[in-house]
Every structure is written in structure tokens, then in C-alpha cells.
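Undergrad: Residues per chain, in single letters:
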Amino acid sequence: MFPTLDILNDLKLVAPEVILVVAMCAAILVPFINRRNVTLPTMVAIIGLGAALIAAIFTTGQQSSSLVFSDMLAIDSFSQFFKIILMLFTLLVVMQWVLTSRDQTHAYDVPDFLCLLLGATVGMSLMASANNLLMILVATEAASLPSFVLAGFRKRTAAGSESSLKYVVFGAAASSVSIYGMSLVYGAVGSLDLAAVAEAGRDMSPMLAVGLMAMLAGFAFKLSAVPLHFWCPDVFEAAPTEVTTFLSVASKGAAICMLTRLLVNFGVTDGSFPALVTGVGILGAVTATWGNLAALQQSNIKRMLAYSSIAHAGYMIMGVSAAAMGGLNDEAIRVVAGAVLFYILVYTFMNLGAFTVAAVIARRTGSENLEDYAGLSSRSPGLAALLVVFMLSLFGMPGLGGFLGKIMIGAAMWQAGSGGVALIAVLVLNTLISFYYYVRPVYFMYLRPDTQGRPAVTIGPAITAMLVLCAVALVATGISRPDMTHVTKEYGRLVRSATFRDATTSTAATTVEAGERLVELP
Amino acid sequence: MTTMLNLMIFLPLIAGIAVLAMPSREQAKWLTLGTSIVVLIMSLIITAGYISDGASGLAYYNEVTWIQAINVKYATGVDGLSLPLVVLTTALSVLIVLASWNVEKATKAFLALYLFLMTAMLGVFLAMDLFLFYVFFEVSLLPMYFLIGIWGGPRKEYAAIKFFIYTLAGSICLLIVMLGLFFLTPQHTGGEPLWHMIELQNLPIFAEGGAYYGWAKVFFWLTLIAFAVKIPAAPLHTWLPDAHVEAPTPISMILAGVLLKMGGYALMRITYPFFPDAAQAFWHIVAALGVFGIIYGALCAMAQSDWKKLVAYSSVSHMGYVTLGIAVLTTAGFYGAYFQMIAHGITSAMMFFMVGVVYERAHHREINRLGGMWLKWPGYGGWSLVCFFAGMGLPGMCGFIGEIMVLLGTFEAAGAGQVGANAAPTVYTLGILASSGVVLTAGYILWMFQRVYMGQPRPDYDHYEPVNAREYAIMTVLGIACFVFGIMPKLVFNLTEGTFDHLLNVIWPVGQVATAALGG
Numbered sequence: 005m006f007p008t009l010d011i012l013n014d015l016k017l018v019a020p021e022v023i024l025v026v027a028m029c030a031a032i033l034v035p036f037i038n039r040r041n042v043t044l045p046t047m048v049a050i051i052g053l054g055a056a057l058i059a060a061i062f063t064t065g066q067q068s069s070s071l072v073f074s075d076m077l078a079i080d081s082f083s084q085f086f087k088i089i090l091m092l093f094t095l096l097v098v099m100q101w102v103l104t105s106r107d108q109t110h111a112y113d114v115p116d117f118l119c120l121l122l123g124a125t126v127g128m129s130l131m132a133s134a135n136n137l138l139m140i141l142v143a144t145e146a147a148s149l150p151s152f153v154l155a156g157f158r159k160r161t162a163a164g165s166e167s168s169l170k171y172v173v174f175g176a177a178a179s180s181v182s183i184y185g186m187s188l189v190y191g192a193v194g195s196l197d198l199a200a201v202a203e204a205g206r207d208m209s210p211m212l213a214v215g216l217m218a219m220l221a222g223f224a225f226k227l228s229a230v231p232l233h234f235w236c237p238d239v240f241e242a243a244p245t246e247v248t249t250f251l252s253v254a255s256k257g258a259a260i261c262m263l264t265r266l267l268v269n270f271g272v273t274d275g276s277f278p279a280l281v282t283g284v285g286i287l288g289a290v291t292a293t294w295g296n297l298a299a300l301q302q303s304n305i306k307r308m309l310a311y312s313s314i315a316h317a318g319y320m321i322m323g324v325s326a327a328a329m330g331g332l333n334d335e336a337i338r339v340v341a342g343a344v345l346f347y348i349l350v351y352t353f354m355n356l357g358a359f360t361v362a363a364v365i366a367r368r369t370g371s372e373n374l375e376d377y378a379g380l381s382s383r384s385p386g387l388a389a390l391l392v393v394f395m396l397s398l399f400g401m402p403g404l405g406g407f408l409g410k411i412m413i414g415a416a417m418w419q420a421g422s423g424g425v426a427l428i429a430v431l432v433l434n435t436l437i438s439f440y441y442y443v444r445p446v447y448f449m450y451l452r453p454d455t456q457g458r459p460a461v462t463i464g465p466a467i468t469a470m471l472v473l474c475a476v477a478l479v480a481t482g483i484s485r486p487d488m489t490h491v492t493k494e495y496g497r498l499v500r501s502a503t504f505r506d507a508t509t510s511t512a513a514t515t516v517e518a519g520e521r522l523v524e525l526p
Numbered sequence: 122m123t124t125m126l127n128l129m130i131f132l133p134l135i136a137g138i139a140v141l142a143m144p145s146r147e148q149a150k151w152l153t154l155g156t157s158i159v160v161l162i163m164s165l166i167i168t169a170g171y172i173s174d175g176a177s178g179l180a181y182y183n184e185v186t187w188i189q190a191i192n193v194k195y196a197t198g199v200d201g202l203s204l205p206l207v208v209l210t211t212a213l214s215v216l217i218v219l220a221s222w223n224v225e226k227a228t229k230a231f232l233a234l235y236l237f238l239m240t241a242m243l244g245v246f247l248a249m250d251l252f253l254f255y256v257f258f259e260v261s262l263l264p265m266y267f268l269i270g271i272w273g274g275p276r277k278e279y280a281a282i283k284f285f286i287y288t289l290a291g292s293i294c295l296l297i298v299m300l301g302l303f304f305l306t307p308q309h310t311g312g313e314p315l316w317h318m319i320e321l322q323n324l325p326i327f328a329e330g331g332a333y334y335g336w337a338k339v340f341f342w343l344t345l346i347a348f349a350v351k352i353p354a355a356p357l358h359t360w361l362p363d364a365h366v367e368a369p370t371p372i373s374m375i376l377a378g379v380l381l382k383m384g385g386y387a388l389m390r391i392t393y394p395f396f397p398d399a400a401q402a403f404w405h406i407v408a409a410l411g412v413f414g415i416i417y418g419a420l421c422a423m424a425q426s427d428w429k430k431l432v433a434y435s436s437v438s439h440m441g442y443v444t445l446g447i448a449v450l451t452t453a454g455f456y457g458a459y460f461q462m463i464a465h466g467i468t469s470a471m472m473f474f475m476v477g478v479v480y481e482r483a484h485h486r487e488i489n490r491l492g493g494m495w496l497k498w499p500g501y502g503g504w505s506l507v508c509f510f511a512g513m514g515l516p517g518m519c520g521f522i523g524e525i526m527v528l529l530g531t532f533e534a535a536g537a538g539q540v541g542a543n544a545a546p547t548v549y550t551l552g553i554l555a556s557s558g559v560v561l562t563a564g565y566i567l568w569m570f571q572r573v574y575m576g577q578p579r580p581d582y583d584h585y586e587p588v589n590a591r592e593y594a595i596m597t598v599l600g601i602a603c604f605v606f607g608i609m610p611k612l613v614f615n616l617t618e619g620t621f622d623h624l625l626n627v628i629w630p631v632g633q634v635a636t637a638a639l640g641g
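These protein sequences, in sequence, are chains A and B.
Take the first sequence: its letters are residues 5 to 526, numbered as in our numbering.
Take the second sequence: its letters are residues 122 to 641, numbered as in our numbering.
With the rest of the complex left out, here is chain A (with noise of 0.2 Å):
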């Protein structure tokens, strides 16, 4: 009956998740050591990262498929994968941290600030590999409660509270409609599984459909689709720089990969699931079109990049909408998961870069206004140049990244159907739309002279660098040297329950299977 528990090759597979959760105890631990100090525990920090990321390397390699702990969680190339840029991105992170406001930050502070994006982290990772309904409760909440306390770390602003609070509340209704549909998905499948529950969907019941409905606004408010979004503007706006970087990348990254492999559960059953892929389809390009729109009338950029992230988290749902469609093989899936992985990929360059720069800015100039942009190419030409590649990048200019995520989340929605084509339409729409506010920032730091005699920014060469690598990646990936584009193709493999591939395949084969076990039975 009970897949057999093999804890220490489990615990194998979840390494990365292990090393996390030891470098958290250790971080919030080191400041026993010494209060004052600084460096211990964001070294602790950032040797934790770099072993998880090894170890999530190295479990990529090693069975690249498995359901560990009771197919509670799936540890495939997919997941994997995500986990490697979810390591990288949150390092990088670290780095910006670092680089642009530990100073400003308290001693004492420190520890807690590096234990939180730690435990957000290992929660991050989790919903990457979350393949029950219990584990995705239990991931998002331990990817959420971190981010809620994360994003009102400036304890002393009254934005930062505010924010904080506005997070808290939306994120707590949130979960609690999320528990009532997996309760009421419990009541009509009778299982947590993934699989068994797409596998009950194929004779969708009301309660089923209701419960699945409300579930997904809990993916919803993580991903901030409309009309879930609220929060993610003032959020974005009032919490530290890095902070933001991380919720936009990190947190969404999580959610969407969580969307796809539920979403990808259902596709593979022989039923077709026409609502599913509608429903999500259209809350991707709601949201997508919602933000974008929203975008056009900000002037503070940190506003503008959130609701450009509403827009990307946009473009990515309508991508995996497609993973419904019934009956996809897995080369399907595979041009589904490898759009997904790519896009998160490209994006978490782009905006930690412009997240970046724009920190730097404010820190110098103290302002966020884009007004106060006017004439920085002659002020700061580097810093302008890079913000123009990430700005173009996140457009979509060809050459660039972006574009190439975009055109892959293209060739993703293609699978589906009729419908994937108005969503094409939806997505191209929205990339000549958002060219408008991406420009402006060239606009100001180009074409605007300076009146006010606003201050040079100058960089240390540690940022420099760390944006000249985003800079860079997002040239390589968009000129597709390394073809990462086929790198994440090969990637996006997902595994799914053994129940369930035997519920599919052969029906006699289980059929034939219950007797034996009635059998043995005494």
C-alpha cells in the first residue's frame, strides 16, 4: 500500500533544502558568538548557499527523478533546475545586500535578515518540488511567513509597516481560501495527491471544481495576478531594494514552477481539461494586460518595475495554461517546462539588475523618481548603459534575453490550441504596450539634460561587476551562446506519482495489482 520509506536516500535528494535549513539554525545561532559582528553570519549565509547550490547541482545529476517522503515531494530536472537559479538568484541577493545596505542595517539585525531570506529560501525550494496538496500548504507557508517580516524590515519606516501589514493580510485571506478549496478537493477526491486529483478531475464534480478554483487564488496571490495584486506594488515600493529583487524573482519563480507541475499533472491524463486552461489563461493575460497598463502611469521605478513584474508573472501563467491541455506527450511538456524555466532564468538577470541600479541610484541621489533620471548618461554613462539592457531586455528587444523568453513562452502557449493563439496575440499586444514605459528611463537618462545639477553616481567595482555579469548573461542568453534555450528544454522533465501513471497506463494492470493485495490480505 505505502510507497516504502528509504529516509536516507530521501534525505539525499533533499540536500539542498537540508543545507538550508542547517545554514538558517547556524545564522540566527552565530550572533551567541559574537552580537557585533557582521561578517560571521552573513558568511554563514553564503557558504550555506553555495553548498545548497552544489548539492542541488549535484542531485540533478544524480537520479534526475524520484518521489521522496511519500510522494510528497518530486525531485525531477525541473525542480532541480529551479533550485540552481533559486541558489544563484538568492546569492546574487545576498551580494546586492551586501553590497548596497548592510551598512545601513543594524548589527543586531543582520542575523535575523539573513535567517529569514534563508527560510523563505528553503520554503521557495520546497514549492518548486511540491507534488502533494498538504506540502504545497506547507511550502507556500513557509516561503510566505519570512517574505511578510522581509518586506517590513526598515522597522522604523511607516511605509515599511504598512507595507508589511497590507502583505500579511492579503497573504493570510489568501491562504485561508487556499485551505478551503484544498479541504473541499480533499472532500471530493478523498486524496492530497496531485496526481490523484487530476486523475478525479477528468469527471470534474462541482465541489472539486469550487475547491480547485480557491486553491488557486493562494497561487495567485504568490504570483500576483490580478486581481490578487494589491499588495504587490506597495510592497515592491516600500521594502528594502533587495528585498523587492527577491520577492519579484524568487517568489514568483516558486509559484509559477508550483503552477506548472500541478497544471502538468493534469495534462497528461487522456481527458481534456477546457476551463482549466481558459481559466488560467485568462487570469495570465488579465494580468499581464492589467500590469502593463498599470505600469504606464507610474514615475518611481521601484513602482514601475513591480507592476512590470505583475506583467512578467502575466506572461508566464499564460505560457503554462498550455500544460493543461489534455493528452500532451512529453516532448509537449517538456516545450512547456523549458519556457517556464527559461523565463524565470532571463528574468531573474533582468530585474536583479535593474532592481539594482535602481538601488544604487536611490541610495545616492535618495530618490526613486524617474524625473530624476534626466541626464544621468552624462553624469554616470556605465550605470545608464547597463539600465538601458536591462530595460530593453526586459521589453523584449531581440539580442537580448527577454526576447527570447518571450518567444518561448510563445512557442509554449502554442500547444494550446486555438486558444493559445489569442493569447499570443494577448502577449504581443502587451510587449508593444509595456516598450513605453521602458523606454522612459532611457527617455530621462538619455535625452533630458540634468537643470538641477544632480549628483554623479559612482559605483564600487564589486556592484560593477555584478551587474556587468547580469549584463552579460542577458547578451549570452539572447544570443543564445550557450543555447540555454535547449539547456532548459532538456530540462523540464517532470516526474509524476507512481499512482497515477499506473491509473493511466494500464487499467488492468491495477485492476490486477488491488487483487493481489486483496489477496495477501489475511
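For the record, the hints were derived by calculation from the structure and aren't laboratory data.
Among the hints, erroneous ones may be present.
Said to hold, decoys possible - Partial selection, computed: residues in chain A whose CB lies under 10 Å from chain B: (1) 160; (2) 190; (3) 193; (4) 440; (5) 452; (6) 484.
Unchecked claim - Incomplete in silico selection of chain A near chain B, CB under 7 Å: (7) 235; (8) 487; (9) 490.
Claimed, not checked - Footprint (simulated), chain A over chain B, 3 or more residues, beta carbon under 8 Å: (10) 258–271; (11) 367–381.
We put the CB at the ideal spot given by N, CA and C, even for glycine.
Put chain B on the given structure of chain A with help from the hints.
TA: This is chain B only, laid out in the frame that chain A set:
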């Protein structure tokens, strides 16, 4: 040769980065000039090789797998359609670097952007993979945006963003078509999507009666819009006068001389060969757009008091011949349209340069505040006469060949029957209207010439610096080219002949009329 081809595309890019690192302006200028001369020489070597190899179609083709997941290759090569435009680009580039010698504001950035633009332009003409073409096509917008937006005139921001948004909207149409091809061509190949621009010609699935003829019609219109913006065909031309008026002289030259040609080139490379049956179905609408452009552009030009705007509208009018020549689907029309692009590349670049020479000294372009330029600088006046008359289409000069062949091709369409059996009345109407454009052209050019060049020089000319040797060199080269191509159009036709025979066979599979008389 293939190495040289690819080096030619990327040498300007490398030089552009090097220019930014140069310690002084002077060195940066010389490096840019050197690079453009080297690129010109390379393009001439490739042309010589193309001729001596006796190549007629696609030559020096090479490909490398680029994006495996969607079967995109980095593929470049030359054929008769691209080669003359490549030489036009590289030759104009040298002259334009010379014309930018006096740029004072952020010279290094200007030259670097110009070199990046050069890479994009050459890439557009040499790419043989549709995806690669798109990348270069889109990337070419970016340097142009900055070149207009930073070094332009008083309303530069407006003009730059308008230019960008118009062309971007066009490229998005092309992107939709590319996605469509990505999804539909596997039906033809039975697996991988197809991006090779020669193999994509006239696929059976897009032919009349094919599985996706309906899509072919949609794609035809989308690509047409994408490239009509660039040509520009009226009514999608409104970005052009703004962009030209605000752009600095050298940028106007490259914009009119090469960037507009990308539109015509892409029509001949993509829109028509990919979807010939759809093109035949809608020929009269496209032809009418061309005729409308000719007349509307000429009438607008006549109404301008801003000299540069007049020249800008003359571009709209002249490029209307290109649209018309392609739309009528006749041999003469195609040859004429292609020649018109080369001729317009020479004359319009020269016209903008002539305007620039005066503007640099007078700091205004009001036609009514000028006059007597001939007596002031007789040499300059003489070359201006050559340039504007060549633009007007005086026999013996390059503008004539293109216009007359397009008009002949238009009337030929009535007999050839490719555009429908009952097309004769439509064809004659369009032909007569287009011919009247020639008269209008003569009207606005002669009237402008009279106001700017005739009469006595004004007293405020006294402090103007004389036209210097560098400027005379530029106008001499372009002026001689006006004559050379007017007298020996075979220089172009010899290169294009083989490719055009193949192309016309694709677009027009039956009833092919011998092209010997035209091509030489």
C-alpha cells in the same frame, strides 16, 4: 569569402566598441573612417568575387546552429537582391562618416552608435535566416533612436519616439508572422520549423488552395504593414518627415539612403516570394497605395516651406514607385522598383547633404529666406542641379531608369495578365496617375530650385564659410554616381539578373517574359 562576409557584418560592431575606448575625438573619427573604408573594400571584393565566380543566385551561404530548440540558424549569404544594397550601404557609409566630421556633441558616442547601426544594416541585408533578419531589423532601430534623439533638432525627443513606435509596431506585425511560420511550417517540413528565407519561398501550404491560404493572406498583410512603415508607404509615412527634419544631416542621409531600402528589400525578400498568391489577390490595393504615395508625397512636398521637409516628402513620393513596381508583378516593374531603390539611395542622400551644407551655415531651412545660392557658390549650385535633376528623373541620370521602368512595368501588367484578366482598366488608371506624379515631381523640384538657387545672393550670406573640400568631395562622388548609374544601369542589373529570374519564377510561375532586353 564567407569569413569575409561575416567579418564585414561584425567589424563595425567591434570598431564601435573600440571607438568608445579611444582617447581622443580625432582618433575616434579616423578609426571610424578607416573601418568604413575597410568595410567598403570588403564589400567590393565580395562583389568582384560574386561576378568572377559567375554566381547567379545565393552565394557564399554559411550556417551555424544557433537556437536549437526552435531550429534557428545563424545563416548569412549574398545574392543579387542583397549585393547592390550592401555596396550602396558600405559606399554611403564612408561618405556619411565624412559628413559627420563636424559633429561636436559627444562625438565618440555618435560614431560608435553609427558603427552599431552599420552592423545592423549589413546584417539585415546579409541574413538568410528569417529569425536572424528580424533580430538585425529590430536592433537597427535602437542606434537610430539615440542618433535622432540625442543629436537631433528642437523636437528630437518627439521625432525619435515616433520613429521608434511606428517601426516597432511594424516589427511586431512581422513577429506575429514569424510565430505563425514557426507553427505552420512544420506541416510542410514534417518536423522542424523553417526559417531559411530562400526555402520559405512559395510554400505549397501557403499557395492558393493550400491548407493555410487563409493564413497566407493574413501574413501577407502583416508583413506588408511591417515593411510599408519602413519604406514608408503612405498612409504609414507620418514618422518620416518628423524624423528627417529633426535628425542631423548625416543621419538623414543614412535614413533616406539605406534604412528606407530595408523596407523595399524586405518586400522583395519576404512578403512577395513567401506569399505570392496572396500578393496576386491583393495586387490592386498595394499598387493603389504606391500610386497614392507618389502623388500624395509630391503634393505635400510642393506645399512645404521647410527645405528639408520638402526633401523628406520627396522620399515618400519616390519610394511610392518602389511599392508600385513590386505590386504590379511584372518583370520590368520589379527591376524598376529595385533600381529605384538604388537610385533613390544615391539622390536622396545627396539631397539631404545639399540641404545640410546650407543649414550648417544658415541655421535655418526656410526656402523663402534663401535664394541666389548658385551665384554665391557656383560649384555647389552645379552639383545641386545634378542632384535634384537626377531625383526628378532626367534621362541620362539614375532617377530616370527606375521611374520609367516602373511605369513601363505598370502598363505591361495590363497585357501580361498576371494581375487578373480584367485588370486593364485598373492598370491604365493607376499607370496614368503614376505618370502624372512625374510632372508633379518636376513641379516641386523646379519651383524649389528657383527659390533657393536662382536670383541674387542675399547679404546675410556674407559671413558664411565657403563650401570646403571635404564637402565638395562628398558631392562629387555622389554626383558622379548619379550619372554613372543613369548611363550604365547594367552595373546593377548584371548583379541582380540571375536572382531576379529565379524570384520572378517563384512569384510568377507561368508566362514568364524574357528579361534579356531589360537586363542586358
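Undergrad: Now tell me if each hint is right for this structure.
TA: Comparing the hints with the structure gives:
1. Checking residue 160 of chain A against chain B by beta carbon gives a least distance of about 41 Å; that is not within 10 Å, so the hint is violated.
2. Violation of the interface hint for residue 190 of chain A is found here, the shortest Cβ-Cβ separation to chain B being roughly 39 Å, above the 10 Å cut-off.
3. The closest approach between the C-beta of residue 193 of chain A and any C-beta of chain B is roughly 36 Å, which is over the 10 Å cut-off, so the hint fails.
4. Among the interface hints, the one on residue 440 of chain A holds; its C-beta lies about 8 Å from the nearest C-beta in chain B, closer than the 10 Å criterion.
5. Evaluation of the residue 452 of chain A hint against chain B yields a held restraint, the C-beta minimum of about 8 Å falling below 10 Å.
6. With a least beta-carbon distance of about 5 Å to chain B, the hint placing residue 484 of chain A at the interface is held under the 10 Å criterion.
7. A least Cβ separation of about 32 Å between residue 235 of chain A and chain B goes past the 7 Å threshold, and the interface hint is therefore violated.
8. For residue 487 of chain A, the interface hint holds, since its Cβ comes within 7 Å of a Cβ in chain B; the closest pair sits about 5 Å apart.
9. Among the interface hints, the one on residue 490 of chain A holds; its C-beta lies about 4 Å from the nearest C-beta in chain B, closer than the 7 Å criterion.
10. Chain A is given as covering the segment 258–271 of chain B, and this holds because 6 residues of the stretch bring a CB closer than 8 Å to a CB of that chain, at least three being needed.
11. A stretch counts as covered by a chain when three or more of its residues have a beta carbon under 8 Å from one of that chain; for the segment 367–381 of chain B and chain A the count is 0, and the coverage is violated.
Violated hints for the displayed structure, listed by number in ascending order: 1, 2, 3, 7 and 11.
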